[in-house]
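Peer 1: Assemble the complex: chain D is given as a structure, and chain C must be docked to it using the hints.
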Amino acid sequence: GAVVSQHPSWVICKSGTSVKIECRSLDFQATTMFWYRQFPKQSLMLMATSNEGSKATYEQGVEKDKFLINHASLTLSTLTVTSAHPEDSSFYICSGWETENEQFFGPGTRLTVL
Amino acid sequence: GENVEQHPSTLSVQEGDSAVIKCTYSDSASNYFPWYKQELGKGPQLIIDIRSNVGEKKDQRIAVTLNKTAKHFSLHITETQPEDSAVYFCAAGGYQKVTFGTGTKLQVIP
Numbered sequence: 738g739a740v741v742s743q744h745p746s747w748v749i750c751k752s753g754t755s756v757k758i759e760c761r762s763l764d765f766q767a768t769t770m771f772w773y774r775q776f777p778k779q780s781l782m783l784m785a786t787s788n789e790g791s792k793a794t795y796e797q798g799v800e801k802d803k804f805l806i807n808h809a810s811l812t813l814s815t816l817t818v819t820s821a822h823p824e825d826s827s828f829y830i831c832s833g834w835e836t837e838n839e840q841f842f843g844p845g846t847r848l849t850v851l
Numbered sequence: 002g003e004n005v006e007q008h009p010s011t012l013s014v015q016e017g018d019s020a021v022i023k024c025t026y027s028d029s030a031s032n033y034f035p036w037y038k039q040e041l042g043k044g045p046q047l048i049i050d051i052r053s054n055v056g057e058k059k060d061q062r063i064a065v066t067l068n069k070t071a072k073h074f075s076l077h078i079t080e081t082q083p084e085d086s087a088v089y090f091c092a093a094g095g096y097q098k099v100t101f102g103t104g105t106k107l108q109v110i111p
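These protein sequences, in sequence, are chains D and C.
The opening residue of the first sequence carries number 738 in my numbering; numbering runs sequentially from there.
The opening residue of the second sequence carries number 2 in my numbering; numbering runs sequentially from there.
No lab work stands behind these hints: they were computed from the structure.
Here the structure is a predicted model, which is why all the values come from computation and not from measurement.
Some clues are possibly wrong.
What the hints assert, rightly or not - The calculated lysine-lysine pairs, modelled on DSS-like cross-linking and capped at a C-alpha distance of 25 Å, are: (1) C:LYS43 to D:LYS751; (2) D:LYS778 to C:LYS106; (3) D:LYS801 to C:LYS98; (4) C:LYS98 to D:LYS803.
What the hints assert, rightly or not - Estimated spans, in silico, between C-beta atoms of each pair: (5) D:LYS778 to C:ASP18: 18 to 28 Å; (6) C:PRO111 to D:HIS822: 36 to 46 Å; (7) D:HIS822 to C:GLN82: 39 to 49 Å; (8) C:GLY42 to D:LYS801: 35 to 45 Å; (9) D:ASN788 to C:GLN15: 21 to 31 Å; (10) D:GLN766 to C:GLN15: 42 to 52 Å.
Unchecked claim - Short derived list, chain C residues pointing at chain D, Cβ under 10 Å: (11) PRO45; (12) LEU47; (13) ASP50; (14) VAL88; (15) VAL99; (16) THR103.
In this text, a Cβ means the ideal position worked out from N, Cα and C, and glycines have one as well.
Extracted from the complex, chain D is given alone in its bound form (with noise of 0.2 Å):
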């Protein structure tokens, strides 16, 4: 199957600061990426679309203004968590439809905000 890669892995930052994640589809173009929040033993939610070379499109009760999202091309979309705080730490995927037919996941990013 098609492979999407996320980095970091796991990201350990202060209060306040901001972090980005970077997702790439090593073997397929996407035009449209989804970014998806999971806490502990929950299922995932969507937080938002990301359209290359358009803005994202946001859940409702998402902030736009402290998850900046950007798709600057086909295989690169990133998520930007501003001004982070304790209760933002989660496990962020990342995923992307290679056909209509198949929506592949990143193996996640685990940001812990101290």
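Peer 2: Relative to chain D, chain C alone:
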């Protein structure tokens, strides 16, 4: 929007036995039903999917059934092995729009 319910939340089976996880969905327009396996600290991995024009699909020890009339679909794992232990998520929707179930933690006891 779509609402997906998944049961059970936890499931323990003896190695070699079968495991069944069930999901229901609400939107009759949904036509894509994937199942994902997520191991601890990793992203979800697609293990099998089914589309609305098919009632059943099988891939070795894994099978999925779909009942569109009743709006439910199920994952069947036969001859379970310890490496099947993980959290399994169902999802329902369409292209670029799927809603996930709440997950089932499967434990296969050697």
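Peer 1: Next, verify each hint and record whether it holds.
Peer 2: Structure-based check of all given hints:
1. C:LYS43 to D:LYS751: holds, 24 Å
2. D:LYS778 to C:LYS106: holds, 9 Å
3. D:LYS801 to C:LYS98: holds, 20 Å
4. C:LYS98 to D:LYS803: holds, 23 Å
5. D:LYS778 to C:ASP18: 18 to 28 Å: Since LYS778 of chain D and ASP18 of chain C have Cβ atoms about 24 Å apart, the given range 18 to 28 Å holds.
6. C:PRO111 to D:HIS822: 36 to 46 Å: Holds: the Cβ-Cβ distance is about 42 Å, inside 36 to 46 Å.
7. D:HIS822 to C:GLN82: 39 to 49 Å: holds, 42 Å
8. C:GLY42 to D:LYS801: 35 to 45 Å: violated, 28 Å
9. D:ASN788 to C:GLN15: 21 to 31 Å: About 47 Å separates the Cβ atoms of ASN788 of chain D and GLN15 of chain C, which means 21 to 31 Å is violated.
10. D:GLN766 to C:GLN15: 42 to 52 Å: holds, 45 Å
11. PRO45: holds, 5 Å
12. LEU47: Status holds, d = 6 Å.
13. ASP50: holds, 7 Å
14. VAL88: holds, 8 Å
15. VAL99: holds, 7 Å
16. THR103: Constraint on THR103 of chain C satisfied, holds at 5 Å.
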